[in-house]
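Novice: Spelled out from the first residue to the last, the chains are:
2 protein chains.
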Amino acid sequence: MSAQTQDGLTEGERGLEELIALLETTEPEVIKARIAALHPADVAELLNTLGRPEQRHGVFALLETTTAATVITRLTPAVRAEIVDALSVEDLQRLLEEMDSDDAADLLESVAKPRAQAVLEGLTGSLAARIQQLLKYPPDTAGGLMKSEYAAVLEGATVEEAVEIVRTVAEVVADIHNVLVVDHRFHLLGILPLSGLILARAGQTVDAVMDRQVISVTVDTDQEEVARLFRKYDLVSLPVTDPRGALLGRITVDDVVDVLEEEANEDFSKLSGLGEEEPLFDSPMRAIKRRLPWLGLNLVTTSLSASVIGLFQGTIQSMALAAALMTIVAAQGGNAGVQTLTVMVRGMALGKISIAQAKGILLKELAVAGGNGVALGIAAGCVTYILHGQPLLATVLGIALALNFLVAALVGSLIPLILRWLRADPAIAASVFVTACTDMCGFFAFLSLLSLAMRFFA
Amino acid sequence: MSAQTQDGLTEGERGLEELIALLETTEPEVIKARIAALHPADVAELLNTLGRPEQRHGVFALLETTTAATVITRLTPAVRAEIVDALSVEDLQRLLEEMDSDDAADLLESVAKPRAQAVLEGLTGSLAARIQQLLKYPPDTAGGLMKSEYAAVLEGATVEEAVEIVRTVAEVVADIHNVLVVDHRFHLLGILPLSGLILARAGQTVDAVMDRQVISVTVDTDQEEVARLFRKYDLVSLPVTDPRGALLGRITVDDVVDVLEEEANEDFSKLSGLGEEEPLFDSPMRAIKRRLPWLGLNLVTTSLSASVIGLFQGTIQSMALAAALMTIVAAQGGNAGVQTLTVMVRGMALGKISIAQAKGILLKELAVAGGNGVALGIAAGCVTYILHGQPLLATVLGIALALNFLVAALVGSLIPLILRWLRADPAIAASVFVTACTDMCGFFAFLSLLSLAMRFFA
Chain A
1 MSAQTQDGLT EGERGLEELI ALLETTEPEV IKARIAALHP ADVAELLNTL
51 GRPEQRHGVF ALLETTTAAT VITRLTPAVR AEIVDALSVE DLQRLLEEMD
101 SDDAADLLES VAKPRAQAVL EGLTGSLAAR IQQLLKYPPD TAGGLMKSEY
151 AAVLEGATVE EAVEIVRTVA EVVADIHNVL VVDHRFHLLG ILPLSGLILA
201 RAGQTVDAVM DRQVISVTVD TDQEEVARLF RKYDLVSLPV TDPRGALLGR
251 ITVDDVVDVL EEEANEDFSK LSGLGEEEPL FDSPMRAIKR RLPWLGLNLV
301 TTSLSASVIG LFQGTIQSMA LAAALMTIVA AQGGNAGVQT LTVMVRGMAL
351 GKISIAQAKG ILLKELAVAG GNGVALGIAA GCVTYILHGQ PLLATVLGIA
401 LALNFLVAAL VGSLIPLILR WLRADPAIAA SVFVTACTDM CGFFAFLSLL
451 SLAMRFFA
Chain B
1 MSAQTQDGLT EGERGLEELI ALLETTEPEV IKARIAALHP ADVAELLNTL
51 GRPEQRHGVF ALLETTTAAT VITRLTPAVR AEIVDALSVE DLQRLLEEMD
101 SDDAADLLES VAKPRAQAVL EGLTGSLAAR IQQLLKYPPD TAGGLMKSEY
151 AAVLEGATVE EAVEIVRTVA EVVADIHNVL VVDHRFHLLG ILPLSGLILA
201 RAGQTVDAVM DRQVISVTVD TDQEEVARLF RKYDLVSLPV TDPRGALLGR
251 ITVDDVVDVL EEEANEDFSK LSGLGEEEPL FDSPMRAIKR RLPWLGLNLV
301 TTSLSASVIG LFQGTIQSMA LAAALMTIVA AQGGNAGVQT LTVMVRGMAL
351 GKISIAQAKG ILLKELAVAG GNGVALGIAA GCVTYILHGQ PLLATVLGIA
401 LALNFLVAAL VGSLIPLILR WLRADPAIAA SVFVTACTDM CGFFAFLSLL
451 SLAMRFFA
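Top line first, the protein sequences correspond to chains A and B.
In terms of our numbering, the first sequence opens at residue 1 and continues consecutively.
In terms of our numbering, the second sequence opens at residue 1 and continues consecutively.
Rather than coming from a laboratory, the hints here were simulated on the basis of the structure.
Copies of the same chain look alike in the list, so a pair counts if it fits in one copy or across any two.
25 Å max Cα-Cα, derived SDA-like pairs, lysine to any residue:
| hint | residue 1 | residue 2 |
| --- | --- | --- |
| 1 | Lys232 | Val84 |
| 2 | Lys232 | Val209 |
| 3 | Lys136 | Leu123 |
| 4 | Lys232 | Thr141 |
| 5 | Lys232 | Val214 |
| 6 | Lys32 | Ile20 |
| 7 | Lys232 | Glu262 |
| 8 | Lys232 | Ala78 |
| 9 | Lys232 | Asp175 |
| 10 | Lys232 | Glu263 |
| 11 | Lys289 | Pro77 |
| 12 | Lys232 | Gly51 |
| 13 | Lys232 | Glu266 |
| 14 | Lys232 | Ile20 |
Nothing here was measured: the structure is a model prediction, and the numbers come from that model.
All chains, full assembly: derive it from the sequences and hints.
Specialist: Below, the structure is given as structure tokens:
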């Protein structure tokens with residue numbers, strides 16, 4: 001049992017550091033008993049934490065096959081690759097036999113092709129066929145998330161027959177939550193949660209107690225859409241069918257929890273110009289490769305903005321203070337634009353936006369920008385006047401700042417909408433484009449207004 | 001049945017627009033039948049979408065009480081408040097009687113105190129007591145997420161007795177996935193999934209088949225920690241105990257899915273200087289109030305950066321091109337810093353970082369910054385030399401850019417670590433601080449190097 005305490009760690013987690021210390025000094029038998037008492041997720045954490053490969057292989061060798069099969073699905077990609085490389089083809093086969101088909105397919109995907117082929121050839125026919133089928137689906141679709149193991153009965157079956165099916169399937173797979181009711185073509189007719197099965201009276205048919213409103217997806221459905229359905233309909237498990245509606249498998253909520261995390265991180269990473277999610281402990285070379293293209297794009301756009309400044313060298317030469325103040329206009333616009341962008345990108349991740357809604361959002365963003373722009377324009381203008389005593393410069397700064405807020409609202413809302421309309425990802429590099437626009441417009445608004453004002457009033 | 005088609009909508013969702021068109025012209029009886037065929041989540045979407053309050057009240061009045069109880073939990077806060085305001089105290093009581101205790105408590109929390117009191121007084125004693133208990137817990141803790149309905153048996157009970165308990169509880173609550181096994185002090189001893197209950201042989205005791213490795217939390221556990229445990233241990237339901245270990249309730253995975261979304265959005269929003277998550281369709285006044293403080297903070301920090309430029313007015317006057325190029329140094333540093341920050345904040349959201357790991361991350365970030373900084377510094381220097389033919393200016397630009405990448409790596413990794421060490425949120429306003437540092441250091445590095453170079457070489 002592992003009740004929580006204030007340090008926010010489960011009992012299994014609290015024991016890990018002590019266990020690591022014991023590894024070097026203690027008999028394998030003692031270690032083995034300690035590890036057998038751990039949850040597989042904690043064993044995986046132990047392996048992910050250990051510093052030396054020999055230690056990892058030593059601990060992994062102490063695991064029962066069923067535990068090892070669960071542990072291996074929860075390792076970081078690098079540690080998993082290392083462990084898998086050290087296993088024989090026969091060891092791998094023993095592990096795969098104990099795994100759900102989706103985890104088995106994921107594991108085989110990380111093994112080199114010829115070796116994976118050798119492993120598959122030695123598996124029992126039905127498991128090999130199921131895994132090979134799953135390997136065909138792209139990993140970010142319903143097919144890539146689903147497992148082929150489920151409990152299904154034909155319409156007209158009795159509750160007792162359904163219980164028998166659940167018994168058979170639950171021997172092999174742990175997380176059965178529903179019985180699926182199908183017709184003879186394997187088309188879904190209904191769904192019956194296990195609690196409903198327990199509630200039903202003896203002799204009833206499943207048709208009498210099943211829920212006919214089944215939410216299901218086809219294999220090619222995008223994982224983001226799958227996650228949306230789990231959230232909207234509070235699902236624990238979602239049946240997956242072929243394009244003609246015949247049952248193929250199911251997706252369970254634990255995989256969707258990972259997808260949600262992944263999708264949120266993806267949006268996040270793209271907004272910040274990382275392209276795709278980067279692990280915290282990645283190799284510097286991979287991180288450089290991932291970040292350099294976005295920084296390069298940013299170098300191009302900021303050079304364009306800088307060339308706007310180049311147009312006003314005369315103005316700057318006669319008033320060097322302008323070079324300082326123009327950066328405030330640009331930075332404020334960039335910040336406001338990224339605020340709008342964040343609200344848009346997250347809002348769009350959770351659902352679609354109609355044309356009518358897009359108009360409403362744009363008007364709201366312009367109103368917000370107007371309010372904030374006027375408030376901060378006045379503030380910046382007043383402070384400038386107090387510090388430098390130049391009413392002309394202060395007025396130009398205030399006006400340029402307010403104008404740039406309107407630009408920020410426009411580009412912050414329109415760029416993600418346009419990207420989606422072009423069927424591109426609304427988050428990708430959007431912040432680079434938004435700040436490029438607010439930089440250029442900010443510099444231009446401030447410096448052109450200033451040079452005009454200097455000509456007329458000075 | 002609602003199989004998916006390519007447009008990514010369920011059958012219920014596809015019918016919504018047609019149904020909205022019918023609302024004005026069709027008999028209530030026809031509408032009622034159409035709505036009864038919808039999933040409650042789709043009815044909620046219909047209500048959230050409808051433009052006019054009278055339409056919403058009309059549709060809500062057509063719902064069966066059990067459907068209405070589910071629908072109301074899925075409305076947006078504004079629509080829910082509007083519907084609840086229009087209901088009588090008796091209507092509200094009827095709805096609450098049909099709801100899980102956690103949803104009932106959430107609903108009552110949005111009702112004005114005196115009215116909530118009147119509603120509570122009319123409820124059956126046990127429900128009122130359960131709701132009042134739940135209302136005591138902060139909404140972002142395990143207590144705020146849990147419901148008081150669960151299936152529990154005493155140790156030593158037989159499998160048949162456990163089935164009887166599940167039957168009784170499942171009559172009232174839909175999502176029972178486990179039977180909890182407790183001792184006479186209500187301390188958790190084990191957990192038994194319903195599939196395990198179905199697998200067990202007649203006459204076995206629950207002790208013989210239960211899983212003794214129960215993961216549980218105390219009521220005061222933070223919701224972020226709760227979400228972490230669901231992810232790590234692939235949970236569907238998590239028991240919640242009082243500080244001494246006695247069972248109080250359970251959290252189900254559908255609520256955690258919402259928490260995960262919420263936490264990711266929170267980090268997102270804080271990083272972009274929004275403070276807290278902003279709904280896409282918020283009122284402009286509320287959006288202004290939420291964004292203005294961060295923009296104000298940004299105005300202060302950018303003014304500080306601008307004052308760095310003010311120190312070098314002489315340099316800028318004699319070489320106005322410097323005013324343009326310094327913005328490239330600052331913008332590139334800001335972008336690199338936010339990349340580092342994003343990786344840090346998301347990495348920290350998923351787990352703790354030890355001191356040893358922090359050192360490793362910092363070294364990695366410095367290596368990445370070194371690589372990217374040198375590459376982009378050379379690129380920027382070469383382009384500047386080609387365009388403007390000034391080798392001194394080009395060299396200073398390249399060096400300042402590379403230096404600013406190192407600053408970006410330092411502040412991008414250290415600021416979130418320091419914020420967490422101060423027990424503040426590592427995401428909050430971090431991007432404002434990071435870009436303030438990269439702006440200031442970027443301007444200073446470039447302009448001071450340039451003024452030195454001009455003094456010695458010009």
